[in-house]
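Number of protein chains: 6
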Amino acid sequence: MNLKYILNLRHIPRTGWVLRGVPPAVAESVADHIFLTTLIAMDIAERLGSMGVRIDKARVLAMSIIHDIPEAVTGDVVRQVKHGVEEYFSMVESKAIEELGLQGYSELYDELSKAGSLEALVVKAADDIATILEGSRLVDTGYRQVEEIVVNVRDHLYRLINEKANGDLKGILHQVVSEYMGST
Amino acid sequence: MNLKYILNLRHIPRTGWVLRGVPPAVAESVADHIFLTTLIAMDIAERLGSMGVRIDKARVLAMSIIHDIPEAVTGDVVRQVKHGVEEYFSMVESKAIEELGLQGYSELYDELSKAGSLEALVVKAADDIATILEGSRLVDTGYRQVEEIVVNVRDHLYRLINEKANGDLKGILHQVVSEYMGST
Amino acid sequence: MNLKYILNLRHIPRTGWVLRGVPPAVAESVADHIFLTTLIAMDIAERLGSMGVRIDKARVLAMSIIHDIPEAVTGDVVRQVKHGVEEYFSMVESKAIEELGLQGYSELYDELSKAGSLEALVVKAADDIATILEGSRLVDTGYRQVEEIVVNVRDHLYRLINEKANGDLKGILHQVVSEYMGST
Amino acid sequence: MNLKYILNLRHIPRTGWVLRGVPPAVAESVADHIFLTTLIAMDIAERLGSMGVRIDKARVLAMSIIHDIPEAVTGDVVRQVKHGVEEYFSMVESKAIEELGLQGYSELYDELSKAGSLEALVVKAADDIATILEGSRLVDTGYRQVEEIVVNVRDHLYRLINEKANGDLKGILHQVVSEYMGST
Amino acid sequence: MNLKYILNLRHIPRTGWVLRGVPPAVAESVADHIFLTTLIAMDIAERLGSMGVRIDKARVLAMSIIHDIPEAVTGDVVRQVKHGVEEYFSMVESKAIEELGLQGYSELYDELSKAGSLEALVVKAADDIATILEGSRLVDTGYRQVEEIVVNVRDHLYRLINEKANGDLKGILHQVVSEYMGST
Amino acid sequence: MNLKYILNLRHIPRTGWVLRGVPPAVAESVADHIFLTTLIAMDIAERLGSMGVRIDKARVLAMSIIHDIPEAVTGDVVRQVKHGVEEYFSMVESKAIEELGLQGYSELYDELSKAGSLEALVVKAADDIATILEGSRLVDTGYRQVEEIVVNVRDHLYRLINEKANGDLKGILHQVVSEYMGST
Chain A
1 MNLKYILNLR HIPRTGWVLR GVPPAVAESV ADHIFLTTLI AMDIAERLGS
51 MGVRIDKARV LAMSIIHDIP EAVTGDVVRQ VKHGVEEYFS MVESKAIEEL
101 GLQGYSELYD ELSKAGSLEA LVVKAADDIA TILEGSRLVD TGYRQVEEIV
151 VNVRDHLYRL INEKANGDLK GILHQVVSEY MGST
Chain B
1 MNLKYILNLR HIPRTGWVLR GVPPAVAESV ADHIFLTTLI AMDIAERLGS
51 MGVRIDKARV LAMSIIHDIP EAVTGDVVRQ VKHGVEEYFS MVESKAIEEL
101 GLQGYSELYD ELSKAGSLEA LVVKAADDIA TILEGSRLVD TGYRQVEEIV
151 VNVRDHLYRL INEKANGDLK GILHQVVSEY MGST
Chain C
1 MNLKYILNLR HIPRTGWVLR GVPPAVAESV ADHIFLTTLI AMDIAERLGS
51 MGVRIDKARV LAMSIIHDIP EAVTGDVVRQ VKHGVEEYFS MVESKAIEEL
101 GLQGYSELYD ELSKAGSLEA LVVKAADDIA TILEGSRLVD TGYRQVEEIV
151 VNVRDHLYRL INEKANGDLK GILHQVVSEY MGST
Chain D
1 MNLKYILNLR HIPRTGWVLR GVPPAVAESV ADHIFLTTLI AMDIAERLGS
51 MGVRIDKARV LAMSIIHDIP EAVTGDVVRQ VKHGVEEYFS MVESKAIEEL
101 GLQGYSELYD ELSKAGSLEA LVVKAADDIA TILEGSRLVD TGYRQVEEIV
151 VNVRDHLYRL INEKANGDLK GILHQVVSEY MGST
Chain E
1 MNLKYILNLR HIPRTGWVLR GVPPAVAESV ADHIFLTTLI AMDIAERLGS
51 MGVRIDKARV LAMSIIHDIP EAVTGDVVRQ VKHGVEEYFS MVESKAIEEL
101 GLQGYSELYD ELSKAGSLEA LVVKAADDIA TILEGSRLVD TGYRQVEEIV
151 VNVRDHLYRL INEKANGDLK GILHQVVSEY MGST
Chain F
1 MNLKYILNLR HIPRTGWVLR GVPPAVAESV ADHIFLTTLI AMDIAERLGS
51 MGVRIDKARV LAMSIIHDIP EAVTGDVVRQ VKHGVEEYFS MVESKAIEEL
101 GLQGYSELYD ELSKAGSLEA LVVKAADDIA TILEGSRLVD TGYRQVEEIV
151 VNVRDHLYRL INEKANGDLK GILHQVVSEY MGST
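Protein chains in written order, with the UniProt record's numbering: chain A, 1 to 184; chain B, 1 to 184; chain C, 1 to 184; chain D, 1 to 184; chain E, 1 to 184; chain F, 1 to 184.
Treat the hints loosely; a few may be bogus.
For identical chains, the list gives no copy identity; a pair is met inside one copy or between any two copies.
Stated by the list, open to error - With a straight-line Cα cutoff of 27 Å, these simulated DSSO-like cross-link-like pairs (lysine-lysine) come out:
{"hint": "1", "residue 1": "LYS4", "residue 2": "LYS170"}
{"hint": "2", "residue 1": "LYS164", "residue 2": "LYS82"}
{"hint": "3", "residue 1": "LYS95", "residue 2": "LYS4"}
{"hint": "4", "residue 1": "LYS114", "residue 2": "LYS82"}
{"hint": "5", "residue 1": "LYS164", "residue 2": "LYS114"}
{"hint": "6", "residue 1": "LYS82", "residue 2": "LYS95"}
By construction, these hints were calculated from the structure, which means they are not laboratory data.
Let the sequences and hints guide you as you build the complete structure.
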């Protein structure tokens with residue numbers, strides 16, 4: 001594992017925030033975001049598990065941890081730029097995974113990208129929730145341009161839940177989202 | 001889970017660094033450190049697993065994620081202050097775990113504190129390695145007072161490895177440490 | 001005087017603020033807070049003096065300057081963590097005073113801790129006023145979680161004034177507080 | 001001109017630096033870089049002019065000013081990611097120019113991208129020089145991973161000079177580079 | 001050109017903002033401000049040109065770039081301090097221009113100071129507009145003391161437009177100002 | 001006392017540092033510097049007192065606290081700019097003292113400016129020592145341009161000691177300086 005570069009994720013502010021006027025000193029780093037996503041994913045997986053849903057927690061956590069790790073090589077490129085060339089970026093990110101000495105996680109990363117499994121779905125939802133939470137807080141602090149991202153990601157999350165989640169997951173995600181929203 | 005406070009871990013610089021002259025804008029946050037610890041613990045667990053050692057990866061990851069989470073309530077209190085009253089702080093941290101709505105993880109947190117299981121040991125080692133890596137980098141950037149922490153934590157790590165790790169874990173930890181040291 | 005460590009107070013953000021979501025780049029440092037406390041204490045002492053109250057201004061100023069200086073060793077530990085083990089922390093702080101080569105001020109520090117003298121009372125009040133002022137400003141800038149501290153410290157201040165201050169001091173403190181509140 | 005977004009260039013740290021361990025608080029912003037590039041381009045154009053070379057200074061300055069302006073929409077994407085899909089990014093940047101209400105400068109931006117004219121060449125060289133200067137300073141301050149960029153951009157600059165510059169420009173660029181290098 | 005010092009403009013926060021409570025990490029740098037001023041001046045010059053007004057664009061851009069460059073030597077001294085001793089500061093700034101190796105621009109700098117030409121007027125207006133835009137944004141983010149500057153600079157700008165601008169320039173400036181104000 | 005503005009001293013980085021390449025996030029604030037100066041002055045006064053020298057400690061401390069307070073109005077203007085017009089700046093600072101509601105300290109501020117008394121001399125020396133200490137540390141961290149200030153202020157300090165200090169003060173200052181230098 002090439003920690004020399006991975007370490008730098010702690011100094012990369014998330015591009016979405018800084019493109020909307022949040023100074024890097026106020027914005028979260030990519031590493032900060034990974035931490036929050038992992039925590040939320042862990043919480044969702046735990047709840048699903050306690051309801052009897054079979055879910056591989058280790059997979060959920062590992063996926064969360066690596067979900068933005070290619071950014072140690074590529075930087076944080078916004079969705080708008082990737083739009084239409086998702087496959088190219090998918091390839092760039094796979095290559096980054098290898099450059100970072102994380103080839104052992106390539107398969108997991110692919111699974112996440114495809115959002116096919118229950119585990120991947122949980123991580124995708126956690127990623128959105130983490131973004132919405134931080135975004136809402138930035139809006140509250142006076143960074144109003146950020147509202148645009150919060151709205152978009154919320155739409156993305158609801159679409160994700162409605163299209164891909166079913167049964168218990170659907171219910172839990174809706175509950176988690178509403179709980180978390182109330183907590184900020 | 002009381003994310004309202006947990007979110008703030010992203011703005012808490014690690015006290016050890018700032019007490020040695022590193023400005024918060026240069027130091028890592030507690031959330032940054034948790035991310036790095038988790039990543040390293042995941043790597044160690046993976047290697048152990050691939051060598052046939054039985055290890056509960058989900059437990060390793062969950063423990064890593066929560067290992068400094070009480071600091072969202074307590075702040076980052078340095079070892080020197082806790083010295084001699086470890087039990088009191090253990091209690092304060094347990095209470096913080098509950099205040100943060102993470103009572104479901106109380107048992108896991110206790111296991112980690114006691115460093116009894118293989119999983120706990122891996123996380124403890126990862127915690128030290130993450131600290132040594134960041135510390136070394138700060139020293140390289142000119143913050144020389146940090147050297148003191150690097151030396152102490154390295155001692156702590158070697159003692160931990162020698163006293164508690166055996167068999168494959170001992171070998172792997174020594175290998176991981178030397179690899180990572182070379183990588184910065 | 002071990003300035004090597006005392007210098008670092010300028011890079012330690014106050015924990016109360018960062019635990020409530022204020023990024024260190026926006027929060028004040030411990031040294032900043034000491035400066036503000038000293039200035040306010042000087043103002044109060046001056047007013048008392050001009051009203052004929054006997055007060056040792058040099059003591060007031062020296063006490064203000066050293067009131068948070070142990071944090072160069074201990075970091076800024078929040079009241080909540082000290083609650084119930086105040087004596088232990090009192091001892092830790094005394095030791096820190098010595099480590100910093102300030103043993104000449106140990107007696108003064110004790111006097112302040114006990115809040116027994118008029119001078120100590122003035123510094124305690126100034127400490128609270130400085131915290132309320134900065135907190136109010138952070139709330140105004142959008143960091144709403146900080147409100148909690150402002151309310152608590154205001155309560156603490158009023159209790160302090162009502163229980164310990166009498167005569168001219170009581171009047172002056174009430175006047176200073178209301179003047180300062182209006183000025184932000 | 002959509003200043004609402006362009007304003008944010010002042011809060012976007014250059015990705016190359018943060019990917020190599022420079023905290024955003026130490027790194028320059030994209031706006032900072034544009035300023036420096038423009039200043040250097042102005043200096044080169046001035047020298048060329050005073051030697052009798054015909055050069056359109058207004059064009060040089062306008063090109064410098066807009067050379068990284070699309071990053072207000074796209075963020076600062078590193079060369080490595082653009083490698084192989086330069087045309088796609090060229091299109092994305094053109095679209096960004098329009099979104100920013102700068103369609104009046106589309107032609108100028110294209111001219112710069114193609115590096116065909118003398119003016120474009122001067123701006124390209126100034127862009128590299130600005131990067132080398134800042135990079136060298138970061139290396140001096142202890143951010144050693146940055147060396148990699150300095151070396152690459154220096155190579156790029158020499159190739160640019162040798163392949164595209166001729167006559168007076170070649171001489172001046174070599175002179176400016178050596179003068180500026182000496183000045184840091 | 002003495003880039004060694006000019007480079008530092010990127011780390012000098014504008015004094016007006018920090019004197020009104022904006023932390024440097026949130027405030028713009030002098031270089032940031034120069035960039036924004038230049039961009040706005042370029043836009044105004046372009047519009048004037050397209051309406052048939054004769055204007056030397058290269059002069060406008062060069063003036064914008066150098067308009068605050070003496071601050072690399074003097075720091076950013078606020079108007080209030082210069083008030084009444086404008087000539088002294090004019091001399092100090094001229095000397096700074098030379099120290100920075102920019103004597104070739106002394107004449108241009110004088111022209112700007114006197115605000116005699118159309119080009120100088122455009123830059124003066126752009127300088128004010130850039131300040132108003134950033135100030136408005138800071139006010140929106142919760143830094144209310146900044147309002148005072150916004151009001152003053154707006155008055156200054158209107159006086160400037162009414163007294164010195166005539167014909168097309170007057171109309172364009174009013175239009176640009178109202179457009180930009182709407183855009184934040 | 002107009003705390004509304006005085007509070008802002010905590011966000012004003014010292015101009016000398018930022019003019020030499022130190023980012024504001026790494027540089028100390030004016031309030032930080034006042035704190036350090038006061039602490040050093042207190043130490044010197046204490047030592048003088050314990051050697052039997054008559055010194056008014058309250059005056060020393062009050063003078064230290066207010067020594068840079070006018071900068072809440074004027075910003076931190078460097079010596080180079082004040083050179084030759086010291087009287088003008090003296091007047092500006094006196095006016096600032098009044099604007100800040102500190103007219104009660106005008107006399108004290110004048111005494112300090114004239115450096116006539118023993119107390120004023122101690123504060124002047126402490127001011128220089130505080131600057132040298134911080135400067136040395138910045139140089140160590142890689143900000144080499146700062147060396148220039150350290151050298152100048154050291155010269156200034158030695159001249160001050162040799163010209164104005166006599167007897168015990170001379171000895172103590174030399175001793176304090178050498179002790180403190182060794183401590184960084």
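Status of each hint after checking the structure:
no., hint, in the structure
1, LYS4 to LYS170, "between (39 Å within a copy, 23 Å between copies)"
2, LYS164 to LYS82, "within (22 Å within a copy, 32 Å between copies)"
3, LYS95 to LYS4, "within (17 Å within a copy, 35 Å between copies)"
4, LYS114 to LYS82, "both (15 Å within a copy, 23 Å between copies)"
5, LYS164 to LYS114, "within (12 Å within a copy, 41 Å between copies)"
6, LYS82 to LYS95, "both (16 Å within a copy, 14 Å between copies)"
Hint check: no violations occur; every hint is consistent with the structure.
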